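J.: Sequences and hints are given; from them, build the entire structure.
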Amino acid sequence: MLAVRDRADRAAFAQLFAHFAPRVKAFLMKGGTPAAEAEDHAQEVMTTLWHKADLFDPARASVATWVFTIARNRRIDAIRRARRPEPEDLPWGPAPEPDPADMLALAQDSARLGDALRALPEAQRSLVERAYWGEESQTEIAAATGLPLGTIKSRIRLALDRLRHEMKAT
Amino acid sequence: MPLDLKSRGTAISHHPTDALMMEYAAGTLPEGFALVVATHISMCDECRARLHAFEAVGGALLDSAPTCEMGEGALARVMAGLDARPARSPAPVAPQSRPQPRPPARPRGLLPEPLAGYVGGGIGSVRWKPLGLGVRTAVIPTGGSATARLLYIPAGESVPDHGHRGRELTLVLQGAFADAEGRFGPGDIECAGTEVEHTPVAEPGQDCICLAATDALLRFRALIPRLAQPLFRI
Ligand SMILES: [Zn+2]
Ligand SMILES: [Zn+2]
Chain G
1 MLAVRDRADR AAFAQLFAHF APRVKAFLMK GGTPAAEAED HAQEVMTTLW HKADLFDPAR
61 ASVATWVFTI ARNRRIDAIR RARRPEPEDL PWGPAPEPDP ADMLALAQDS ARLGDALRAL
121 PEAQRSLVER AYWGEESQTE IAAATGLPLG TIKSRIRLAL DRLRHEMKAT
Chain L
1 MPLDLKSRGT AISHHPTDAL MMEYAAGTLP EGFALVVATH ISMCDECRAR LHAFEAVGGA
61 LLDSAPTCEM GEGALARVMA GLDARPARSP APVAPQSRPQ PRPPARPRGL LPEPLAGYVG
121 GGIGSVRWKP LGLGVRTAVI PTGGSATARL LYIPAGESVP DHGHRGRELT LVLQGAFADA
181 EGRFGPGDIE CAGTEVEHTP VAEPGQDCIC LAATDALLRF RALIPRLAQP LFRI
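Residue numbers (UniProt numbering), protein chains in the order written: chain G, 1 to 170; chain L, 1 to 234.
Any given hint could be a false lead.
As the list claims (entries may be wrong) - With the C-beta cut set under 8 Å, the calculated list includes, among others, these residues of chain G facing chain L: (1) R10; (2) R23; (3) G114; (4) L117.
As the list claims (entries may be wrong) - Computed footprint of chain L on chain G; a stretch qualifies when at least three of its residues, placed anywhere within it, have a C-beta under 8 Å from a C-beta of chain L: (5) 37-44; (6) 65-79.
Said to hold, decoys possible - Computed Cβ-Cβ distance ranges for the label pairs, DEER-style: (7) G:L149 / L:A180: 22 to 32 Å; (8) G:D54 / L:A80: 13 to 23 Å; (9) G:A143 / L:G163: 21 to 31 Å.
Since the hints were made in silico from the structure, they are not lab data.
Predicted model only: the values in this text are computed from it and were never measured.
All C-beta atoms in this analysis are idealised placements derived from N, C-alpha and C, irrespective of residue type, glycine included.
T.: Structure representation (structure tokens):
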């Protein structure tokens, strides 16, 4: 990603495309977007990644997190045709060159978070995935899964507790 | 990317629930609620960090998600459409390894972004409608299933006793109110569900201004607010 950002490196972009475009497409389809449309949006998301590469800050977000937020915004703007209110930017503006130690810490945290998510019990992980993939509130998840709302809430809470616990253990 | 941050000594003591933060990070929250959460984050560094953590969960899920193969030639088409973006200009001089200390907060009006953008200016540009006893309201147009509005409660006055058929988020912008759930000052957010029935009372001293959003009509106990309800969409 840094090669894309700093050198506008097309080969590096192709690698990111190979990894993320099929995931973004799957993400949008799980939210109910038809395949052909999801394909177009996934291409747009990757194009946005190229054009907004300057905004990528490796000390603040992993590439996957950054792609996720671009895909999420695409789903809100173009698919749900809604506005997303964004918090005010911090007054210090874009960070100067990030500290390699911060970048490393973030990369390690991201890897641990991924491991912790994969290690969640299936019942908890699938509800967290649904909460992110779908255009669904917890009430709608309850209707779709037949699970009582209280069960959904407590499973998601358990999942978050486990993730917090994993992120604390060093 | 801590998932758990200790308060940094801010005066804010009531924050959005994990469920709300997750829905906002996932992009599934109706716009009216998202406006309240985003405005709170503008006022609360702790929740800004929580938002990054919840977005990181989305990133980790995306990274380990199943894939769906892209169509033939998708990469070639996208590559053909890319501008020849110039290489990044070198970093500004005096590179610093840490974010600089935060400068003193910009003087800003009562309404932080993104709320100011929705209102179209400062608090002075709000067109209030009276609800009685000096309580005033102004609906903020949003799409989706939630209704957002500003509430103006004169010091010492109360919002009529009501229950909720859905969720209600109330963010204090100025002054403070108290109800059975606690005291809510500037930046505090109250998340009320169907189980909460309350009579928020503004503290004496300063008029209280709140941003509130609901996804269902409130249930007022007294008759007069029930008559006002269809008129003001509260
Ligand atoms: Zn907060
Ligand atoms: Zn209420």
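J.: Looking back at the hints listed earlier, which ones does the structure fail to meet?
T.: When the structure is compared with the hints, none of them turns out to be violated.
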